[in-house]
Each structure stands twice: as structure tokens, then as C-alpha cells.
Amino acid sequence: MSELIKLEIYRFNPETDEKPYMQSFEVPLEKPGMKLLDALNYIKWNIDGTLSYRRSCGEGVCGSDGFNINGVNGLGCITPLEGLKQPIQIRPLPSMVVTRDLIVDMTHFFDQYRQIKPWLQSKSPEPENERLQSPEDRAKLDGSYECILCGCCTTSCPSWWWNGDRFLGPAALLQANRWIQDSRDEATGERLDELEDAFKLYRCHQIMNCMETCPKELNPTKAISDIKRALTKRKV
Amino acid sequence: MAGQTSKPLPLSPHISIYRWRLTMLASIMHRASGVLLILGVPLALWLLLTMAHGHIGYFYGLTWMRSTYGMMILWLVSTALCYHTCNGIRFLLLDIGYTDSREMMKLSAKIVLAITVVFAVLLAVWL
Numbered sequence: 001m002s003e004l005i006k007l008e009i010y011r012f013n014p015e016t017d018e019k020p021y022m023q024s025f026e027v028p029l030e031k032p033g034m035k036l037l038d039a040l041n042y043i044k045w046n047i048d049g050t051l052s053y054r055r056s057c058g059e060g061v062c063g064s065d066g067f068n069i070n071g072v073n074g075l076g077c078i079t080p081l082e083g084l085k086q087p088i089q090i091r092p093l094p095s096m097v098v099t100r101d102l103i104v105d106m107t108h109f110f111d112q113y114r115q116i117k118p119w120l121q122s123k124s125p126e127p128e129n130e131r132l133q134s135p136e137d138r139a140k141l142d143g144s145y146e147c148i149l150c151g152c153c154t155t156s157c158p159s160w161w162w163n164g165d166r167f168l169g170p171a172a173l174l175q176a177n178r179w180i181q182d183s184r185d186e187a188t189g190e191r192l193d194e195l196e197d198a199f200k201l202y203r204c205h206q207i208m209n210c211m212e213t214c215p216k217e218l219n220p221t222k223a224i225s226d227i228k229r230a231l232t233k234r235k236v
Numbered sequence: 001m002a003g004q005t006s007k008p009l010p011l012s013p014h015i016s017i018y019r020w021r022l023t024m025l026a027s028i029m030h031r032a033s034g035v036l037l038i039l040g041v042p043l044a045l046w047l048l049l050t051m052a053h054g055h056i057g058y059f060y061g062l063t064w065m066r067s068t069y070g071m072m073i074l075w076l077v078s079t080a081l082c083y084h085t086c087n088g089i090r091f092l093l094l095d096i097g098y099t100d101s102r103e104m105m106k107l108s109a110k111i112v113l114a115i116t117v118v119f120a121v122l123l124a125v126w127l
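Keeping their order, the protein sequence lines are chains A and B. Residues in the first sequence are numbered consecutively from 1, following my numbering. Residues in the second sequence are numbered consecutively from 1, following my numbering.
The hints are simulated quantities; they were obtained by calculation from the structure and are not laboratory data. Note that the structure is predicted; figures quoted are calculated from it, not measured. Misleading hints may appear alongside valid ones.
[To be verified] If you want a taste of the chain A side facing chain B, the calculated C-beta under 7 angstroms gives, among others:
# : residue
1 : Val72
2 : Pro94
3 : Met211
Note that CB positions come from ideal geometry on N, CA and C, so glycine has one too.
Let's have the full structure, built from the sequences with the hints guiding it.
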């Protein structure tokens, strides 16, 4: 008999439940290195098929399975069960509209991503081949391009909890900085104009939950500082 | 559909369940100490006024300062001043890009909190 892991999971079915509740489960630790997503899959396939959550790649690349795990956001597929305090409390990403169980409505999050125009903008005529970039300029995108838009950072941010309608949040701002830093992009001025706003950018109060929680170990707080510095630099 | 006509969907919990991280504490203490310092300004002005009102007023101010309440409030405002100054410098260093790394962000929060604790203890002993 293998060791049993205790979990408490946030449940809500809009068709039958008045309000959300926490449900306890026990899952056998089948193999060393078992991840939290494996435990959720075990529950879904062996105990309760109605448990709902998003998942896809299972290796921290798709960004589907962001949850609040024991109070901190993270990806289920790369969080080892061992070392987590039991009962492991799993809730949906914070301050999001819950569609069902651990599934949240990401519409607003992706809307905010769209707002920063996450594509290369260029006015100069298209070159015959690809747009070239020096290795040094390419290196400036390190720490930004790895973002998988899982939403762990944005939903960990108290400023976003209180002002999420207007504050863009760490994920969108990290992506905004990715295009501001890109040497091939020619809309830097317009991008900075868009962000120079008391709410969109300056609601960040350097709480740094985004940096602490990022499952890819990126640093959105630094990205926000980079944008602030770029804004200051063009004034002097 | 039945689900769409019923009540609005719930918002997932946030502040009530999010685990406190050191950097989060550091930021929120910055706001709290700022508020304390603003409240301390009229107090400091009042103490200055007592000094400007001859030896009776001066004695009155001094008596208040040496009372238990007076010393507790002075200790609180001074500790807030120490914290707000140190963490303010931490934020300024971050703004100019000196402490940009993930490690430095966490370490600097620890240093600021440690300085404040030492200051608060020493001040309590001295007062």
C-alpha cells in the first residue's frame, strides 16, 4: 500500500451548487516525482469524473494548469507533490470569475494581453529576407520570450485584484516590455504613449508577488521597472 | 441554458487565501508606515509648540513624552520612519536598476526588515 496524499480542492458547479466549497480527497503517491497534476488526473479518472480543470502539455509549456496551490500560484504539472504541506489546498487562480471548479474565465486576461499589441510593428519596407538582429539585441529578449501566459503572476498581484479593470497586470506588462526592448520593432514610441497612464502601468506598487510566483522564474517586476525607465529616459 | 439565467458566477478568493510573501509584507508595510508618518506630523508640530510656550508648556510636552503612551507612540513613529526610509531607498535602488534580479529583490526586503527589527529593539531599550 503506497502512501496517501491528502488534498482539499475548490469545487463549484454553477448548475447545482449555491456557492463554492472545499472537498477532501486522498490520492496514493504512486511514484517518486509525482506532480500535482498527476494527483488531479488520478482523482478525475478514478474517484470523481466531474472534477474540472484545464490541462494540456503536462510539462510547463502550455500554461493551462495554473492554480493556487497552498496559497501560492503555480502550474500543477511542474509542482512536485512531495514537499507540499498536507492537506494540499488547491483553488482556482485568485480574483477570477469561476466557470466551474478550477476553471476560470480568462477572457479579461487575454483582452489585456491584446491591448499591448503583442506583434512586431514596423514601418520600414519589408526586407528581402528576415529582419536581422544582433546577438546582443536578441539577448535583450531573454527573460521575456519564455512567458507562457499562464496567468499565475497577474492573478497573484494585489494591485490587479483591486484595479484589474484598468491596471494591465504583470503578464501583459512583461509582454509589453518584450516588444519595447525588441530592436526590430518600430512602434516603441506609440507603445510607451499607450502605457504612460496612472492605472495601466503605475498601479504597480512593487509588491513582487509576480516575481515570487512565476513558474518560469521570470521577473515581471523588473520588466515593469524597465518600462518606467524607458519612459523616463525619453523625457531627458 | 439553465446556468446562464441563474445568479452570477463566483469570484475566486484572493487576499483571504494568498500566502504572505516577504516582498508582499515589505510593500504593504511601506504603505502602512507612510500613513503612520503622516499621522506623526501633527504630533511633532504639537511637541514643537509646547516648547515654544515657555517653561510650563515645555514641561507639559516633556511629561507627555516620558509617559508610557508618549514613549509607545514615539517608538512606533520612529520605527515607522526607520522602515520607510530604508525601504524607500530599496525602492529607489530598484527604480534605477541596481537591485533588479529576483535574488536581490528578496534579499533587499530581508535586509530592510532586519535593520528595522534591530532599530526597534535598540530604540525600545534606549527609551
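Inset, instruction - Would you check whether Pro94/A satisfies its interface hint, that is, whether its CB is within less than 7 angstroms of any CB in chain B? - result: holds, 4 angstroms
Legend entry - Status of the hint placing Met211/A at chain B (closest C-beta pair under 7 angstroms): Because about 6 angstroms separates Met211/A from the closest Cβ in chain B, which is inside the 7 angstroms limit, the hint holds.
Legend entry - When the least beta-carbon distance from Val72/A to chain B is tested against 7 angstroms, hint result: holds, 5 angstroms
In this structure, every one of the numbered hints holds.
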